Amino acid sequence: MRNRAFFVIAALAVLALCAAGQQTPAAVKIQRTADGHPDLSGTWLFSIDLPPTALKRQEGGKVTVKGIDASGRRDPKSAPAGALPSAPEPSYKAEYLAKVKDLLDHESKTDPVFYCGKPGVPRIGSPRRIVQLPKEMIFLYEDISGDPYRIIPTDGRPHLADANPSAYGDSVGHWEGDTLVIDVTNFSDDTWFGEGGYFHSDAMRVTERVWRDGENLVWQATVADPKVLAKPWIMPARVVKPSTEPLEESPKCVESDSKLLQNNDHHGQR
Amino acid sequence: MKYKIPGALITLGLLGTVALWAHHSPSAEFDMSKRMTLSGTLTKIDWVNPHIMFYIQAKDTGEMWKLESNPPAWFRRVGVNRNDFVKAIGQTVTVEGNRSKDGTPFAYILKITYQDGTSLELVSEGAAAESK
Numbered sequence: 001m002r003n004r005a006f007f008v009i010a011a012l013a014v015l016a017l018c019a020a021g022q023q024t025p026a027a028v029k030i031q032r033t034a035d036g037h038p039d040l041s042g043t044w045l046f047s048i049d050l051p052p053t054a055l056k057r058q059e060g061g062k063v064t065v066k067g068i069d070a071s072g073r074r075d076p077k078s079a080p081a082g083a084l085p086s087a088p089e090p091s092y093k094a095e096y097l098a099k100v101k102d103l104l105d106h107e108s109k110t111d112p113v114f115y116c117g118k119p120g121v122p123r124i125g126s127p128r129r130i131v132q133l134p135k136e137m138i139f140l141y142e143d144i145s146g147d148p149y150r151i152i153p154t155d156g157r158p159h160l161a162d163a164n165p166s167a168y169g170d171s172v173g174h175w176e177g178d179t180l181v182i183d184v185t186n187f188s189d190d191t192w193f194g195e196g197g198y199f200h201s202d203a204m205r206v207t208e209r210v211w212r213d214g215e216n217l218v219w220q221a222t223v224a225d226p227k228v229l230a231k232p233w234i235m236p237a238r239v240v241k242p243s244t245e246p247l248e249e250s251p252k253c254v255e256s257d258s259k260l261l262q263n264n265d266h267h268g269q270r
Numbered sequence: 271m272k273y274k275i276p277g278a279l280i281t282l283g284l285l286g287t288v289a290l291w292a293h294h295s296p297s298a299e300f301d302m303s304k305r306m307t308l309s310g311t312l313t314k315i316d317w318v319n320p321h322i323m324f325y326i327q328a329k330d331t332g333e334m335w336k337l338e339s340n341p342p343a344w345f346r347r348v349g350v351n352r353n354d355f356v357k358a359i360g361q362t363v364t365v366e367g368n369r370s371k372d373g374t375p376f377a378y379i380l381k382i383t384y385q386d387g388t389s390l391e392l393v394s395e396g397a398a399a400e401s402k
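Read top to bottom, the protein sequences are chains A and B. By our numbering, the letter at position 2 of the first sequence is numbered 2, and the numbering carries on one by one without gaps. Every position in the second sequence, counted from 1, becomes a number in our numbering once 270 is added.
Be careful, since some hints might not be right.
Partial list, derived from the structure: chain B residues whose beta carbon lies under 7 Å from chain A [unchecked claim]: (1) Ala298; (2) Glu299; (3) Asn319; (4) Pro320; (5) Pro342; (6) Arg347; (7) Val348; (8) Gly349; (9) Thr388; (10) Leu392; (11) Val393; (12) Glu395.
Distance windows between CB atoms, simulated [said to hold, decoys possible]: (13) A:Ser71 - B:Met306: 29 to 39 Å; (14) B:Gln361 - A:Asp162: 51 to 61 Å; (15) B:Thr374 - A:Asp190: 26 to 36 Å; (16) A:Tyr149 - B:Asn351: 24 to 34 Å; (17) B:Ile359 - A:Asp105: 34 to 44 Å.
Read the hints as simulated data drawn from the structure, not as lab findings. In this text the structure is predicted, and so the values were computed from the model without any measurement. All C-beta atoms, glycine included, are put in the ideal place defined by N, C-alpha and C.
Using the sequences and the hints, build the whole thing.
Here's what the structure looks like:
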């Protein structure tokens, strides 16, 4: 009996030590700024699409293989805490389904991103770096179309009344509890909001939600476009790890493949 | 931004993982059924998006070839910088890849081998996982 009690106490002690050394992400205390909001600032994992390949290097008799971490662009294994129920794809109005299919069928020639075009919001995904100030958030990105930035007021001011439409739109943010909610309007209609022929109109409105999940950042966007979508599309949330890799200026984009395309093969026809 | 998948990688069973990122479909541009080999002098590197470009003068015919590969952001994240290629300019290199369907001297590089035997090769994600 005494031995049994000793075993239980020892097991509990081991468990306590394990718990202390290996906190789950959710248990990691969130850093906060002086005004009490979660601190979203920092450098985050590069989350633009990259080829899912690895590099094998053979040098001096040594072989190494290194891959990339694309987790910030992929669906997490399970929805992170706080995520809204999402759908895998948008729902277009019936009269636009044929157009979406046609764009998809010819996407090698029709997708503006293939020709160094701006992905815009929300297609660009989560920011590479966030600078959090008391009255505004600054989002920095790395993208081959240029390295865009967004300055997002969080002091309650309204949208700009005289801004020109753009790929990244006009953003204003506010806090809902520990979540930064960004309302983005005034888009140009020459971007796609996702691969698959996801065109939109100038009435598109995007709501981004950004919060901390332990040491990670979570980014989730909702796309509304009453002109072309049957209902708003809540995109799957992305969990983005912190990164120590500094931002680097993207080299210029020089598209030269288009003249070599021999047919309309698209991604489903690889 | 999205990028194309090298043809040979398709045979490695990556199709199920690439739904989000591909650039132009490679089957519209490259002959993915054959892996060609070319030896020649590396004359120039363009460190540009969406694909870095190599210029190689063929050893046997003297023909100037243009070959593309993955984007700079990808190379950076697997530990390869522009200088890893620039240092070989003027040297004879051997490359393997998929040739353009239009028959022009253009291809997608999958592997480059330098004179000293050093090689850099695009392989499947699974190979990276297995190496750990």
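Valine 348 of chain B as an interface hint toward chain A, with CB separation required under 7 Å: holds (4 Å)
In this structure, is the beta-carbon distance linking glutamine 361 of chain B and aspartate 162 of chain A contained in 51 to 61 Å? holds (57 Å)
Could you tell me whether the CB distance from tyrosine 149 of chain A to asparagine 351 of chain B stays inside 24 to 34 Å? holds (25 Å)
Return the status of the interface hint for leucine 392 of chain B: holds when the least beta-carbon distance to chain A is below 7 Å, violated otherwise. Holds, about 5 Å.
Go through the hint on asparagine 319 of chain B and say holds or violated, using the shortest Cβ distance to chain A against 7 Å. holds (4 Å)
Against chain A, with CB atoms and a cut of 7 Å, does the hint on threonine 388 of chain B hold up? holds (4 Å)
Using the C-beta atoms of serine 71 of chain A and methionine 306 of chain B, is the stated range 29 to 39 Å upheld? holds (34 Å)
Satisfaction of the hinted span 34 to 44 Å by the C-beta atoms belonging to isoleucine 359 of chain B and aspartate 105 of chain A: Holds, since isoleucine 359 of chain B and aspartate 105 of chain A (Cβ atoms, about 41 Å apart) stay within the stated range.
Given proline 342 of chain B as an interface hint, is its Cβ closer than 7 Å to any Cβ of chain A? Check passed: Cβ of proline 342 of chain B comes within 5 Å of chain A, closer than 7 Å.
Holds or violated: the hint that glutamate 395 of chain B contacts chain A, with Cβ atoms closer than 7 Å. Interface hint status for glutamate 395 of chain B: holds (5 Å vs cutoff 7 Å).
When you take the CB atoms of threonine 374 of chain B and aspartate 190 of chain A, is the distance between them in 26 to 36 Å? The hint (26 to 36 Å, Cβ to Cβ) holds, given that threonine 374 of chain B and aspartate 190 of chain A are roughly 31 Å apart.
Holds or violated: is there a CB of chain A closer than 7 Å to the CB of glutamate 299 of chain B? holds (5 Å)
Violated hints: none; the structure is consistent with every hint.
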